[in-house]
Amino acid sequence: MKLDPFYLIVDRASWLPRLLPQGVKLVQLRAKDLEEPELRQEIATARQVCERYGAQLIVNDYWQLAIEEGCDFVHLGQEDLAAADVPAIRRAGLKLGISTHDEAELEAALLARPDYVALGPVYPTILKKMRWAPQGLERVSQWKARVGDVPLVGIGGLTIERAPGVLQAGADSVAVVTDVLLNDNPERRAREWVLATRELA
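Each residue of the sequence shown is one higher than the last, beginning at 1 in full-length UniProt numbering.
In case anyone wonders, no lab produced these hints; they're calculated from the structure.
Hints may contain errors.
Straight-line alpha carbon distances no greater than 30 Å define the calculated DSSO-like cross-link-like pairs of lysine-lysine that follow [stated by the list, open to error]:
hint, residue 1, residue 2
1, Lys32, Lys2
2, Lys144, Lys95
3, Lys25, Lys95
4, Lys25, Lys2
5, Lys144, Lys2
6, Lys32, Lys95
7, Lys95, Lys2
8, Lys144, Lys25
Note that the structure is a prediction, hence the values are computed from the model and not measured.
Let's have the full structure, built from the sequences with the hints guiding it.
Laid out in structure tokens, this is it:
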């Protein structure tokens with residue numbers, strides 16, 4: 001499997017009509033703090049918009065809803081992985097991405113035979129408090145050597161200026177949240193990311 005080199009993460013489906021027209025082809029919906037009816041609507045809307053623009057949607061955490069809403073890709077953190085029914089995810093035909101932060105988590109992820117592994121934070125991040133120190137580029141290279149043909153996603157504190165180093169270190173894709181969503185012009189910034197990563201891929 002090959003991932004697009006630019007992996008955008010958004011917290012609401014309402015971002016997608018603004019950002020997908022900029023050429024974004026890989027997006028994760030990471031919606032938090034919503035009740036199930038709202039979550040279901042967010043996922044359904046995101047799926048419809050992604051289909052319209054030919055983009056791959058990855059649903060964060062909510063694998064049951066992803067199955068029920070006809071999605072084809074889910075991303076799980078380690079706690080969610082431990083609680084998830086991975087065979088059910090596979091039976092439904094969904095692809096699976098898994099977050100990792102240390103050796104033990106990488107082992108757990110690889111046992112689930114993921115379609116990609118994410119490593120973070122590569123750099124300091126403002127998105128959420130992390131108990132892990134920044135991993136750095138050397139860890140990216142180590143993880144890629146461990147996962148082999150499984151695509152590796154680098155996440156955490158990434159900017160366009162840092163992206164070449166992460167991709168050259170072995171990541172197949174770079175995941176971005178705040179550098180786009182908190183930018184004064186998210187549409188322009190998403191387009192800049194698309195152009196920059198296409199050149200590096």
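Hints breached by this structure: none
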